[in-house]
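Put chain B on the given structure of chain A with help from the hints.
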Amino acid sequence: MSKTSRTSITMPATAKKDSIIEIRAIAQHDMESGFRYTEGGKQIPRDIIRTFTCTYNNVEVFKADFYSGIGANPLIIFTTVAVESGTLEFKWVGDGGYEAVNQARITVS
Amino acid sequence: MKKIVQHHRRRWLKQVQGLGLLALGACLIPLKAFAKKEDADEAIKKITGGAAIKDGKVTLTIPPLVENGNLVVLKVSVDSPMTANDYVKTIHVIAEANPSPNIFTVYLTPRSGTANVTTRVRLADSQRVWAIAQMSNGSFWRGSAETLVTLSACTEMV
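These protein sequence lines are chains A and B, in that order.
Taking our numbering, the leading residue of the first sequence gets 306, the next gets one more, and so forth.
Taking our numbering, the leading residue of the second sequence gets 711, the next gets one more, and so forth.
Keep in mind that the hints are not guaranteed to be accurate.
[Claimed, not checked] 25 Å max Cα-Cα, derived BS3-like pairs, lysine-lysine:
hint: 1; chain 1: A; residue 1: Lys368; chain 2: A; residue 2: Lys347
hint: 2; chain 1: A; residue 1: Lys396; chain 2: B; residue 2: Lys785
hint: 3; chain 1: A; residue 1: Lys368; chain 2: B; residue 2: Lys799
hint: 4; chain 1: A; residue 1: Lys368; chain 2: B; residue 2: Lys755
[To be verified] Derived coverage of chain A by chain B (criterion: at least 3 residues anywhere in the stretch with Cβ under 8 Å from a Cβ of chain B; other residues may be distant):
hint: 5; stretch: 310-316
hint: 6; stretch: 380-393
hint: 7; stretch: 401-409
What the hints contain is simulated information worked out from the structure, not anything from laboratory work.
On a predicted model such as this, the values are computed, not experimentally measured, just so you know.
Glycine residues also receive a C-beta, built at the ideal position from the N, C-alpha and C atoms.
The following block holds chain A by itself, in its conformation from the complex (with noise of 0.2 Å):
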């Protein structure tokens, strides 16, 4: 059984054609980094999402490898230009077989 959480994406769902739009992608996940120890000395093994891939029209755009680095709750904000109506798709890939996966469509005229 393959983990997951709640993810959530903020974009314009409608946009003129060729213009740049703001993807704002969140997911939940607490990115144990794998150096912190409990008060018994043991040490928390790392459980973080490794990547971020974000399709258009199944066209891949955007990627992202993350590393212990990255706070909790991963907030990732980037652009993309609006070529055609269509479906974005949001994939977030951890360790431990975390996976989540998220869509949001775009009307662009």
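For chain B alone, kept in the frame of chain A given last:
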């Protein structure tokens, strides 16, 4: 009866205080696990493969004074027209004093429109943070920002 309650409260307060001090102590101990500048240089070398890096084009924005290193808003922007012939391929962010120097890497395309990325990072100590950008022609550019961290995103106990 009231006296007992108060007594209990006092003892409890003392215990809590003790725990707080313990946690603070753990934060102040210099940990060997922390990467130093050499590790960051190593990480940068890995990215560039030994190629020359020029200063400029890359702007890294972090607050100059950070109260809590656990969540620091970091913005990277690269000066580029982002056309099919001239765009930013990747941006790497490297911290000099984090236990692991790599923070994140983003992969852009001409369809990104701009090379602006914002995220929230952890900073273990007061340090300089680097952003290395690779352009579509293969050249590397860098920018950096220095910050003071008062509360480290350190290896605190849980």
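Here is what the structure says about each hint:
1. Lys368(A) with Lys347(A): Violated, at roughly 34 Å.
2. Lys396(A) with Lys785(B): Judged against 25 Å, a Cα distance of about 22 Å means the pair holds.
3. Lys368(A) with Lys799(B): holds, 11 Å
4. Lys368(A) with Lys755(B): holds, 22 Å
5. 310-316: violated (count 0)
6. 380-393: Since 8 is at least three, the answer is holds.
7. 401-409: violated (count 0)
The structure does not agree with the numbered hints 1, 5, 7 stated previously, though it agrees with the rest.
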